[in-house]
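Line order of the protein sequences matches chains D and C. Just so you know, full-length UniProt numbering puts 238 at position 238 of the first sequence, and the rest follows in order with no gaps. Just so you know, full-length UniProt numbering puts 579 at position 579 of the second sequence, and the rest follows in order with no gaps.
Check the hints yourself; a few may be wrong.
DSSO-like mimics (lysine-lysine), calculated; alpha carbons at most 27 Å apart, straight line [as the list claims (entries may be wrong)]:
# : chain 1 : residue 1 : chain 2 : residue 2
1 : D       : Lys384    : C       : Lys168
2 : C       : Lys7      : D       : Lys378
3 : C       : Lys168    : C       : Lys207
4 : D       : Lys201    : D       : Lys169
5 : C       : Lys168    : D       : Lys139
By construction, these hints were calculated from the structure, which means they are not laboratory data.
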Amino acid sequence: MAGAVSAIFLLDIKGRILIWRDYRGDVSSVQAERFFTKFIEKEGDPDSQNPVLYDNGVSYMFIQHSNVFLMTATRQNCNASSILLFLHRIVDVFKHYFQELEEESLRDNFVVVYELLDEVMDFGYPQYTEAKILSEFIKTDAYRMEVAQRPPMAVTNAVSWRSEGVRYKKNEVFLDVVESVNILVNSNGQIIRSDVVGALKMRTYLSGMPECKLGLNDKVLLEAQGRATKGKSIDLDDIKFHQCVRLARFENDRTISFIPPDGSFDLMTYRLSTQVKPLIWVEAQIERHSRSRIEIMVKARSQFKERSTATNVEIELPVLSDATNPNVRTSMGSAAYVPENDALVWKIKSFPGGKEYMLRAEFSLPSITAEEATPEKKAPIRVKFEIPYFTVSGIQVRYLKIIEKSGYQSLPWVRYITTAGEYELRLI
Amino acid sequence: MSGHDSKYFSTTKKGEIPELKEELNSQYKDKRKDAVKKVIAAMTVGKDVSSLFTDVVNCMQTENLELKKLVYLYLINYAKSQPDLAILAVNTFVKDSQDPNPLIRALAVRTMGCIRVDKITEYLCDPLERCLKDDDPYVRKTASICVAKLYDINAELVEDRGFLDTLKDLISDNNPMVVANAVAALAEIQENSKMPIFEITNNTLSKLLAALNECTEWGQVFILDALSKYKAEDAREAENIVERVTPRLQHANCAVVLSAVKMILQQMELITSTDMIRNLCKKMAPPLVTLLSAESEIQYVALRNINLIVQKRPTILAHEIKVFFCKYNDPIYVKMEKLEIMIKLASDRNIDQVLLEFKEYATEVDVDFVRKAVRAIGRCAIKLERAAERCISVLLELIKIKVNYVVQEAIIVIKDIFRRYPNTYESIIATLCESLDTLDEPEAKASMIWIIGEYAERIDNADELLESFLESFPEEPALVQLQLLTATVKLFLKKPTEGPQQMIQVVLNNATVETDNPDLRDRAYIYWRLLSTDPEAAKDVVLAEKPVISDDCDQLDSSLLNDLLANIATISSVYHKRPDAFVSRVKASVPKPDSDDITEGSEAGYSESPSHVTEATPVPGSSSLSSGTQPALVPDLLGDLIGLDNAIVPVDQTSPPSGPPLPVLLPSSSGQGLQISAQLTRRDGQIFYNILFENNSDNSLDGFMIQFNKNTFGIAAAGPLQVSQLQPGSSTTTLLLMVISQNLSAGPPSSVLQVAVKNNQQPVWYFQDKIPLHVFFLEDGRMERGVFLETWKSLPDANEITKDLPSAIVRNLDATIDHLASSNIFFIAKRKNANKDLLYLSAKTPKNTIFLVELTVLVGTPGIRCAIKTPSPEMALLFFETMETLLN
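Work out the full structure: start from the sequences and follow the hints.
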């Protein structure tokens with residue numbers, strides 16, 4: 001099942017080569033052209049946009065980032081998930097180096113790009129993609145030193161994500177628990193899918209090689225320890241850990257122990273598929289008064305406890321593409337017509353729990369319509385919001401112990417926030 | 001940290017190369033470094049800077065790591081074109097491989113392994129040997145991969161120097177990254193070797209499982225992929241392995257998760273405890289669901305794999321159908337795959353909700369997605385008997401929306417529903433007939449006509465309805481014509497009154513005399529005979545009971561499914577094809593970027609969409625035909641009627657396949673086990689189609705027929721195919737004589753040859769081949785020097801066309817001349833210009849098209865300039881194509 005890619009191509013939006021690196025000598029630069037012809041030729045045909053394309057003995061896998069295509073060509077049966085993920089990771093690496101990954105930044109840094117492509121992959125096998133560590137020995141012009149760099153120990157260490165000798169005056173850890181609520185409500189008002197995806201986002205500024213242990217109100221763990229569950233304990237469906245977490249240990253006794261990378265990273269993500277009540281419920285009624293006038297009435301209701309407040313609420317209401325002359329009134333917040341998205345966006349800065357707000361909008365429609373009207377794109381209502389100091393799951397960080405041989409003290413700062421993810425309510 | 005490298009791309013007006021040369025030899029370090037950057041910038045934009053080879057290599061000895069890396073990069077690109085000069089770099093390489101800095105040692109072996117020049121490779125062995133035992137793990141991990149590189153260039157050398165054993169020792173290395181790379185290298189070497197090199201034993205297994213906990217995410221993927229081939233000895237061992245692997249399901253890296261899933265599924269085959277299996281299924285579900293929150297591209301790979309997993313173990317995701325509901329912003333390729341999985345997971349329990357979703361999708365804007373959603377409703381109806389009625393009512397609701405393509409798609413699936421549940425839902429026919437006028441797609445029309453014919457006795461005005469189609473009979477597409485023919489015959493047999501009798505006369509006349517479609521004509525003659533000899537027998541045949549269909553169009557057969565499951569996460573699992581159907585490993589030392597001739601064939605199987613919905617749609621009518629007729633009878637009848645007997649040309653059936661293997665045009669994975677490889681060849685002044693049939697299916701196949709579509713050259717079979725019955729597992733080759741007819745296709749010249757092959761057991765297979773122009777070149781195409789010169793002069797300059805063939809190569813002039821002569825491209829003269837050779841050649845086709853050729857070659861270096869002069873410049877492209885094939 002061994003399989004390696006033959007080359008990586010970085011292409012501009014028109015498919016021209018910006019930089020390419022040949023790893024195996026069995027493809028040529030012609031491949032970029034072939035890929036792009038294949039890509040263009042079937043545009044409009046949904047199957048063609050597949051991220052894996054085949055042409056003439058060569059398989060192409062690609063992703064797009066701003067105005068750059070990152071594409072690999074291979075003649076073998078390589079691990080598609082690994083390669084596609086790898087492409088996303090090198091986007092992260094490039095972004096770490098050049099802030100933005102785009103045509104211009106690649107051209108401006110082609111020397112470093114070549115160096116990185118040499119290090120992240122060898123003979124078509126992904127090698128090393130920790131941007132932070134890479135930047136310790138591959139530097140851009142401004143930071144380049146005359147003394148020759150050595151490969152940091154971390155590259156080949158079991159702890160491949162952190163270098164030794166990190167020093168901070170003040171040792172701090174920030175832990176953000178971010179839950180995003182995905183919900184899909186069909187046109188009958190039924191919730192057909194809802195789940196919560198949570199992430200523990202960490203920013204660590206710790207010296208040395210700190211050994212960390214995280215305690216959550218994990219039901220399985222608390223029950224196993226026979227502890228009376230004081231307060232709420234939660235049952236997480238699927239947990240995914242950053243590579244720094246010792247998975248075997250977690251499997252054994254549910255302990256989350258790790259040596260963190262330096263800086264920010266996602267320590268863990270989890271998913272909860274229990275049905276959640278929509279935190280913000282939106283109902284829309286559309287009335288066509290005559291051929292040329294349409295009226296929309298929208299009710300938005302917050303369905304969480306009064307002590308919490310949603311902030312930066314944005315309700316995007318789809319509007320017919322040929323509607324004009326909006327006339328909008330709201331009981332709270334402001335609404336703006338965004339014709340380029342065919343939508344009316346209603347923004348409410350602060351939306352406390354247990355409240356209900358209204359919006360009423362009127363549009364003019366052209367009095368003539370095409371005879372054979374093609375079906376109008378039926379976009380759903382989409383909602384964005386943030387509710388600080390609140391989580392749907394009730395997850396709690398019970399402790400975060402940090403032990404380092406120099407013996408410094410450090411306290412974690414923990415924040416909780418709930419946001420809307422894919423929050424869609426289909427219109428009638 | 002933004003750089004300003006773009007300045008290196010700006011070119012200095014004239015004399016760029018000499019100027020760079022000067023700068024490269026500057027006494028100032030910084031100037032040299034800038035010059036190398038300019039050289040690399042030029043290389044990046046595709047300029048040929050190989051002439052600066054010596055000057056760049058001179059900059060190699062430097063303390064500056066950045067400069068060194070750039071020079072190395074230059075070497076990787078140009079060493080091949082300057083093999084003699086490459087030796088200049090060897091000393092520095094060897095020296096660098098002993099540098100005190102591990103970064104430089106690793107860089108040296110890594111780069112040397114990428115330079116595919118024999119002279120460098122010879123010198124690579126000693127440094128490699130040292131680096132494999134280096135103290136620094138960074139060097140060892142680089143050296144491990146380098147063994148695979150060397151094996152790719154020169155396998156013998158690797159074996160002779162004992163690198164394989166060293167590599168195997170590295171599996172026990174104390175550094176996890178070294179272990180992972182050693183595993184990747186060994187796995188690759190094993191794949192290309194027939195000898196057992198890397199066999200996972202009990203001992204290596206436990207070492208690798210231990211390393212799994214410590215190596216990088218990519219390394220974990222290498223190890224899991226390699227281990228998934230391991231066959232546990234018994235259930236207990238399998239359980240142990242699974243236990244060690246399950247923690248990987250919690251990894252944030254999706255590739256690690258998928259590879260772990262693959263390994264668990266493999267081991268589950270051996271596990272007997274049902275509790276354990278149930279438990280594992282429960283454990284795998286959440287991580288599989290979580291993959292759907294990954295980046296769209298990964299989601300796509302995951303969905304293609306989930307499609308396989310649910311076929312094997314439907315229980316895993318039986319309760320998770322909701323997660324496959326489409327989100328508004330999902331890319332279309334994700335939506336399509338989700339739909340496919342929703343159909344698979346649909347059950348009596350969730351069908352109501354699923355139908356609501358499908359109905360929602362059927363009103364979206366993307367036409368292809370909408371069609372697929374409508375089809376999905378039909379497939380659910382066929383799959384779930386108890387839900388069929390609800391599915392039909394949703395379809396009827398959709399028909400009422402009167403969106404044209406929705407209506408047509410709905411009618412196509414309703415026809416399938418009628419076949420699945422005969423005599424159950426005929427009450428809706430009236431509603432369907434209302435939309436009759438709006439149908440304009442052949443498949444929808446054909447379906448509607450089939451329905452009318454099948455239920456002619458219950459539709460009062462069936463004859464009127466069919467008659468309305470008859471007027472346009474000659475203009476209808478073949479699919480519709482065939483259905484009209486059968487439906488009219490059915491109508492006549494059911495209602496043998498005057499009206500239908502007249503109709504049948506018209507149809508039979510149209511379908512025999514007026515048509516040039518052999519399928520239609522053949523079918524019409526059979527009906528004609530049946531009706532005129534024994535109408536009762538005709539009834540038995542035409543109105544015979546049809547076998548019930550089922551929705552298995554997307555079920556893969558179990559051996560293929562198991563092979564694909566062993567390849568989870570790989571490209572094979574994305575295509576749903578076995579790796580040998582698309583892997584085109586070319587030996588890299590002979591670069592062949594344009595190896596059309598080898599791989600073109602498999603494309604035909606590829607370009608179609610992964611889901612084979614259409615394939616499974618039964619062609620109504622044709623089944624009614626074959627179910628009643630003796631298959632053996634058909635060819636006889638045909639031969640008799642059309643008088644083909646005397647056209648049969650003796651063919652050399654036993655001729656063994658000579659020369660290189662034929663390119664596969666229809667891989668067995670897309671031919672339901674039938675594999676067809678073929679190529680046009682010229683022998684003794686005649687053109688033959690050399691075909692190899694391999695029957696890998698479980699049934700014996702007979703009644704082979706072949707047909708060629710119109711093409712640029714009017715090439716067609718001289719007689720019918722002579723292939724007798726093909727037993728399962730057997731193969732046969734045949735040489736089919738081809739003739740050049742006057743039946744040419746319109747449009748610009750194209751080398752495409754479309755072929756259809758059918759037999760009595762399978763549907764018709766269509767595939768594409770390429771016509772190599774050189775099969776037409778005549779044996780007497782040789783030209784005298786004088787004539788050549790005259791002709792060259794007499795042709796206007798506009799008829800001269802030049803093309804660079806970048807990958808073509810001439811290693812030996814005489815051999816190439818002989819090779820071309822064997823394809824009837826004849827050598828006339830040659831001359832030398834600087835270090836290049838110019839060859840003059842000529843060729844002639846039967847239509848007296850002459851090609852005068854001038855080849856500019858540099859012996860041993862890829863890249864040939866080919867200039868031709870011909871009175872038919874439109875053929876130039878095809879000529880270049882064939883030249884490229886011949887010179888690769």
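* To do: List in ascending order the numbers of the hints, as given earlier, that are violated by the structure.
  => Hints 1, 2 and 5 are the ones this structure does not satisfy, whereas the remaining hints hold.
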